[in-house]
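> Assemble chain X onto chain Y, guided by the hints.
Number of protein chains: 2
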Amino acid sequence: MTGRLAIVGLGPGAPELLTPMAAEALGAATDLVGYAPYLARVPERPGQRRHASDNREELARARQALALAEAGKAVALVSSGDPGIFAMASAIFEAIEMGKPEWRGIEVTVVPGVSAMLAAAARAGAPLGHDFCVLSLSDNLKPWEIVLQRLEAAAGADLVIVLYNPASKARPWQLGEAFRAIARHRAGTTPVIFAHAVSQPDERIEIATLAESETCRADMRTLVIVGSSATRLLPRGAGAPFVYTPRHAEMVPS
Amino acid sequence: MTGRLAIVGLGPGAPELLTPMAAEALGAATDLVGYAPYLARVPERPGQRRHASDNREELARARQALALAEAGKAVALVSSGDPGIFAMASAIFEAIEMGKPEWRGIEVTVVPGVSAMLAAAARAGAPLGHDFCVLSLSDNLKPWEIVLQRLEAAAGADLVIVLYNPASKARPWQLGEAFRAIARHRAGTTPVIFAHAVSQPDERIEIATLAESETCRADMRTLVIVGSSATRLLPRGAGAPFVYTPRHAEMVPS
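So the sequences go chain by chain: Y and X. Position 15 of the first sequence, counting from 1, maps to -3 under our numbering, and the rest follow consecutively. Position 145 of the second sequence, counting from 1, maps to 127 under our numbering, and the rest follow consecutively.
Read the hints as simulated data drawn from the structure, not as lab findings. Mixed in with the good hints there might be a few duds.
If chains are identical, the list can't say which one is meant, so a pair holds when it fits in one copy or spans any two.
[Claimed, not checked] SDA-like, lysine to any residue: derived pairs with alpha carbons at most 25 Å apart: (1) Lys124 x Gly138; (2) Lys151 x Pro217; (3) Lys124 x Asp36; (4) Lys124 x Ala165; (5) Lys151 x Pro223; (6) Lys82 x Gly219; (7) Lys82 x Ala152; (8) Lys124 x His167; (9) Lys124 x Ala(-4); (10) Lys151 x Asp121; (11) Lys55 x Gly221; (12) Lys124 x Arg166; (13) Lys124 x Gly158; (14) Lys151 x Gly221; (15) Lys55 x Leu41; (16) Lys55 x Gly219; (17) Lys124 x Ala49; (18) Lys82 x Ala222; (19) Lys55 x Arg23; (20) Lys82 x Pro223; (21) Lys55 x Ala220; (22) Lys124 x Pro228; (23) Lys124 x Asp201.
Same shape as in the complex, but just chain Y:
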């Protein structure tokens, strides 16, 4: 008998941001599959098997989850944040499309989660309060030329820009080049948010300006949000100011 596969968003890290729907999907699984640090967030349950993998092997992990479901297991494949945003859901559908015909018969559900960008925005204020775009800076799966073209289009249209995968040891220079591309369209005073490990014990939210943004502040667990021309700072009692984008927009000279 064919099993089933739930692709489950764990949210950004804090247990209070895991939805009841995700908790139920995790509880109903016979087998959990995922990147080891994400699996470690799920409470142990007797009789439930865990299959931890490396972060880079997305398609291999997808195939492992599908093979387990094909063998009759109730599989939960875990993703941090939301599984549909630069995460495992697309990898599963790619693996099904390229894979065994039997995999098309597996019952697949996607359980959404609070994505890193929503959690980061909430901690900073409301930077995503108006039109925005969400780009991955990784050039592992697309040419850097496309990344630049998309950055230019988004900056030229005065969108707030959310950058996933801003930097890693293997990709040290991309974020600096991205900031320079955006700066051709946007003032040096534009607020930039560096949100590291949101909702986790080592959370760190830093607010900078585009002119002073340094690439060294970002790593694989950082999300970067660059404001539009309308994004503003609002001082608050203690700590960093709120960053928010008003609900209205006006034409800016390009």
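Relative to chain Y, chain X alone:
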């Protein structure tokens, strides 16, 4: 004594998508403020006061919530989905900036939620699996010229496009014009998702092509997602096919 204000995301509608953090913020409030249909989702609690308002009066609602907090109440201002995405969080920061100096002393927190776009994407498959942008089609707070400029930029850069506020009784023609703007850059076969009332009892997910998309399918409770050139359909056993965007991207002729 000054009170406090939590801006709380209820998620798209289903109680299973309300986070424990949001439930706790709702439970800790002396006063709930919000659009009446959203307040109706929150279970009644003795001793807790409710202040329902009309949907259009965002700034008035924000000021009401701030005045209650200033008077010492523990206020929860509720938003559907995530409060930071075209919702109440920006309205609160605008109201603080324009309002009484005392309001700057109010402790404000934003509690994120599963946004409509994440829930809609999960029900459809993984359309947001790669670079995308999120635009409001409402021209109440910005000139239509800006909307068109942003649509053209997003379509030209081959981003998946999420359209909030696609249509209402007062804005009947905007979605059709948006489709025509996107169609100047994208094939008529491009998948388009109409997600109505996601996770609610009257949920309806429809998949169309850009060429056959009709504006009459959308209303104020609909979210529209237009695929990129890479967005694909994957047949599934029963019902509509999955719609997903692969993790990789290639250059397309513009």
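> Against this structure, judge whether each hint is valid.
Outcome of the hint check:
Taking the shortest alpha-carbon separations for Lys124 and Gly138, both the intra-copy value of 21 Å and the inter-copy value of 17 Å come in at or below 25 Å. Within a single copy, Lys151 and Pro217 get their C-alpha atoms no closer than 35 Å, and across copies no closer than 39 Å, so neither meets the 25 Å cut-off. Taking the shortest alpha-carbon separations for Lys124 and Asp36, only the intra-copy value of 21 Å comes in at or below 25 Å, while the best inter-copy value is 46 Å. Proximity of Lys124 to Ala165 under the C-alpha cut-off of 25 Å is found in both arrangements, the shortest distances being 23 Å within a copy and 24 Å between copies.
Proximity of Lys151 to Pro223 under the C-alpha cut-off of 25 Å is found in neither arrangement, the shortest distances being 30 Å within a copy and 38 Å between copies. Taking identical chains as interchangeable, the C-alpha atoms of Lys82 and Gly219 lie at most 25 Å apart only when they sit on different chains, with a minimum of 15 Å there against 58 Å within one chain. For the homomeric pair Lys82 and Ala152, neither the shortest alpha-carbon distance inside one copy (33 Å) nor that between copies (49 Å) is at most 25 Å. Proximity of Lys124 and His167 under a CA criterion of 25 Å is satisfied in both settings, with 23 Å inside one chain copy and 20 Å between copies.
Proximity of Lys124 to Ala(-4) under the C-alpha cut-off of 25 Å is found in neither arrangement, the shortest distances being 32 Å within a copy and 36 Å between copies. When the C-alpha separation of Lys151 and Asp121 is checked against a cutoff of 25 Å, the pair qualifies only within one copy, where the shortest distance is 13 Å, while the shortest distance between copies is 43 Å. When the C-alpha separation of Lys55 and Gly221 is checked against a cutoff of 25 Å, the pair qualifies only between copies, where the shortest distance is 23 Å, while the shortest distance within a copy is 48 Å. Proximity of Lys124 and Arg166 under a CA criterion of 25 Å is satisfied in both settings, with 23 Å inside one chain copy and 24 Å between copies.
In the homo-oligomer, the alpha carbons of Lys124 and Gly158 lie at most 25 Å apart inside one protomer (18 Å), although the nearest pairing across protomers, at 32 Å, exceeds that limit. Taking the closest pair of Cα atoms, Lys151 and Gly221 never come within 25 Å of each other, the shortest separation being 30 Å inside a single copy and 44 Å across copies. Taking the shortest alpha-carbon separations for Lys55 and Leu41, only the intra-copy value of 19 Å comes in at or below 25 Å, while the best inter-copy value is 51 Å. Only between protomers do Lys55 and Gly219 lie at most 25 Å apart by alpha-carbon distance; the minimum there is 18 Å, versus 52 Å within a single protomer.
Taking the shortest Cα distances, Lys124 and Ala49 never come within 25 Å of each other, neither inside one copy (28 Å) nor across copies (50 Å). In this assembly of identical chains, the alpha carbons of Lys82 and Ala222 lie at most 25 Å apart only when taken from different copies (21 Å versus 52 Å within one copy). In this assembly of identical chains, the alpha carbons of Lys55 and Arg23 lie at most 25 Å apart only when taken from the same copy (21 Å versus 35 Å across copies). For the homomeric pair Lys82 and Pro223, the shortest alpha-carbon distance between copies (18 Å) is at most 25 Å, but the shortest distance inside one copy (52 Å) is not.
For a Cα distance limit of 25 Å, the shortest separation of Lys55 from Ala220 across copies, 20 Å, qualifies, whereas the shortest one inside one copy, 50 Å, does not. Taking CA atoms no more than 25 Å apart as the test, Lys124 paired with Pro228 passes between copies only; the shortest distance there is 11 Å, against 33 Å inside one copy. In this assembly of identical chains, the alpha carbons of Lys124 and Asp201 lie at most 25 Å apart only when taken from the same copy (20 Å versus 36 Å across copies).
Hints 2, 5, 7, 9, 14, 17 from the earlier list are contradicted by this structure; the remaining hints agree with it.
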